[in-house]
Amino acid sequence: MITIVYWRLIRPEKHMYDELRRQGVPGEPFIPIIGQLPQLNRARENNGTLAYLFSLSEKYGNYFLFSFGPLMRIMISEPDMIADVVGRSHVHDYVKPD
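All letters in the sequence shown, in the order written, are residues 53 to 150 by our numbering.
In short, the hints are calculated from the structure, not lab data. Positions of the beta carbon are idealized from the N, C-alpha and C atoms, including for glycine. A hint or two may mislead.
List time: in silico DMTMM-like cross-link candidates among lysine to aspartate or glutamate, alpha-carbon distance up to 20 Å [as the list claims (entries may be wrong)]:
(1) Lys-111 <-> Glu-130
(2) Lys-66 <-> Glu-80
(3) Lys-111 <-> Glu-80
Computed beta-carbon distance windows for the label pairs [as the list claims (entries may be wrong)]:
(4) Glu-71 <-> Asn-99: 27 to 37 Å
(5) Val-57 <-> Gly-139: 29 to 39 Å
(6) Ala-103 <-> Met-53: 36 to 46 Å
(7) Asn-98 <-> Met-127: 13 to 23 Å
(8) Ile-83 <-> Glu-110: 18 to 28 Å
(9) Gly-139 <-> Asn-114: 15 to 25 Å
(10) Asp-132 <-> Val-57: 35 to 45 Å
(11) Ile-62 <-> Tyr-112: 16 to 26 Å
(12) Ile-54 <-> Glu-110: 36 to 46 Å
(13) Gly-113 <-> Ile-83: 34 to 44 Å
(14) Ser-109 <-> Gly-139: 16 to 26 Å
(15) Ile-56 <-> Met-133: 34 to 44 Å
Put together the whole structure using the sequences plus the hints.
Below you can see the structure in the form of structure tokens.
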């Protein structure tokens with residue numbers, strides 16, 4: 053059972069984490085299964101989820117790795133990078149209003 057959990061949940065996410073870190077993407081440490089859920093839950097209880105994510109942005113810059121439980125995510129807050137991810141044809145859907 054432990055082997056299946058490792059092979060299905062942990063190994064692919066750890067591989068992705070290691071590859072992105074090798075390429076210079078900063079982020080929170082890899083914690084199997086739970087990731088940053090304890091920190092996110094603590095922030096949510098204090099109505100501070102956005103403040104927590106903002107603090108990570110201040111710590112790591114415009115893009116960084118973190119995880120919701122066993123799933124790695126990359127947070128991007130740089131408009132040009134977001135445009136590259138979603139495609140230039142949709143870039144105006146995500147413009148901050150004046």
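request  = For the range 29 to 39 Å, tell me whether the beta carbons of Val-57 and Gly-139 fit it or not.
outcome  = holds (36 Å)
ask   = Holds or violated: are the alpha carbons of Lys-66 and Glu-80 at most 20 Å from each other?
value = Since the Cα atoms of Lys-66 and Glu-80 sit roughly 13 Å apart, the hinted pair holds (cutoff 20 Å).
inquiry  = I want to verify a distance hint. Is the separation of the beta carbons of Ile-62 and Tyr-112 within 16 to 26 Å?
reply    = holds (23 Å)
ask   = Per the hint of 34 to 44 Å, is the separation of the Cβ atoms of Ile-56 and Met-133 within bounds?
value = holds (36 Å)
ask   = Using the C-beta atoms of Ile-54 and Glu-110, is the stated range 36 to 46 Å upheld?
value = At 37 Å between Cβs, range holds.
Distance restraint evaluation - Gly-139, Asn-114, Cβ atoms, bounds 15 to 25 Å = The hinted range 15 to 25 Å holds for Gly-139 and Asn-114, with Cβ atoms some 19 Å apart.
inquiry  = Within 13 to 23 Å: is that where the Cβ-Cβ distance between Asn-98 and Met-127 falls?
reply    = holds (20 Å)
ask   = Lys-111 and Glu-80: Cα distance at most 20 Å?
value = Holds, at about 10 Å.
request  = May I ask you to test the hint 27 to 37 Å on the CB atoms belonging to Glu-71 and Asn-99?
outcome  = The hint (27 to 37 Å, Cβ to Cβ) holds, given that Glu-71 and Asn-99 are roughly 35 Å apart.
inquiry  = Assuming the hint says 35 to 45 Å, is it satisfied by the Cβ distance from Asp-132 to Val-57 or not?
reply    = Given about 38 Å between the Cβ atoms, the range holds.
ask   = So the hint says 18 to 28 Å: do the beta-carbon atoms of Ile-83 and Glu-110 match that?
value = At 21 Å between Cβs, range holds.
task = Using the beta carbons of Ser-109 and Gly-139, state whether their distance is inside 16 to 26 Å or not.
result = holds (23 Å)
Going down the numbered hints, you'll see the structure goes against just number 13.
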